[in-house]
Amino acid sequence: MKAGLKKLLALGLVAVLAVGLVGCGNKSSDNSGGNQTALEQIKKNKKLVVATSPDYPPFEFMVSENGKSKIVGADIDLAQKIADKLGVELEVKGMDFDALVSALQAGKVDMVITGMTPNEERKKAVDFSDIYFKGENAVIVNAKDAGKFTSEDQLKKAKLGVQKGSTQETYVKDNLKVTNYKALVAVPDLIADMKNGNIDAVVLNSKVAGINVTKYDGIKVVENLKLTSGGDEEAMAVAIKKGDNADLIKLTNEVIKELQDSGEYDKILANAVDLVSKETK
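Each residue of the sequence shown is one higher than the one before, starting from -8 at the first, in my numbering.
No incorrect hints appear here.
Computed spacing ranges between beta-carbons, pair by pair:
| hint | residue 1 | residue 2 | range |
| --- | --- | --- | --- |
| 1 | Asp235 | Asn187 | 43 to 53 angstroms |
| 2 | Asp165 | Asn215 | 20 to 30 angstroms |
| 3 | Glu80 | Lys135 | 44 to 54 angstroms |
| 4 | Glu127 | Glu255 | 21 to 31 angstroms |
Hints are computed from structural coordinates only; laboratory data are not their basis. All of these numbers come straight from a predicted model, not from anything done at the bench. All residues carry an ideal CB built from backbone N, CA and C; glycine is no exception.
Using the sequences and the hints given, assemble the complete structure.
The structure is reproduced here in structure tokens:
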């Protein structure tokens, strides 16, 4: 009886192990689709999800269309071109600028297109495409203060405003060595604070500064002020989550090159500028 029982137990153990091995084999094959690249996953989902901070015209901003708010701008047009190249639908998610990288890292979005500059700190967190736009920094002030700032030394003594998490914040903090600046999420809030006398000047991308001057009465871009401490040029690129993303970056770079070589990106930017002007009339 004991010998027979041992045989039965041994056979039972072998059967359990066999089932376990088959189960492991099946589990491994089930996960074979989990090794998709970023581009393959987007195509599988049939949707490109892009995050942006819609308060930086003409690159991204809000308009009202048929009674509903809609995010538009040059960056959104670029996102649409990438989605078209992929053959998928585009979904745009608006959020605060300083929340964008976290959303990308968490896999909530596929890429970030929001006038973001690929500085060294950001490169540690995400990967970037080639540059699609370059522009200098500029300073806007209340019209009555137009002649107040003629050098960076004077600028260092002023109460400055910047968009939180932007290249301009890095410039003010690291290059000008200003510590008492004010960082807000939205550019319109910075303009309002300046007009109310809470800050002396706002540092923005030159194109954004020019657009805002057309939107608001009583403010001007400071002329003949050369920002020489470095950081006086802003370069924009598409941010993509680190990982198996080489194919997605390659495709994105192809779209950027096509738009730049054909001159179409300049038309996209010009159309966005015109749209901002129409929205403010």
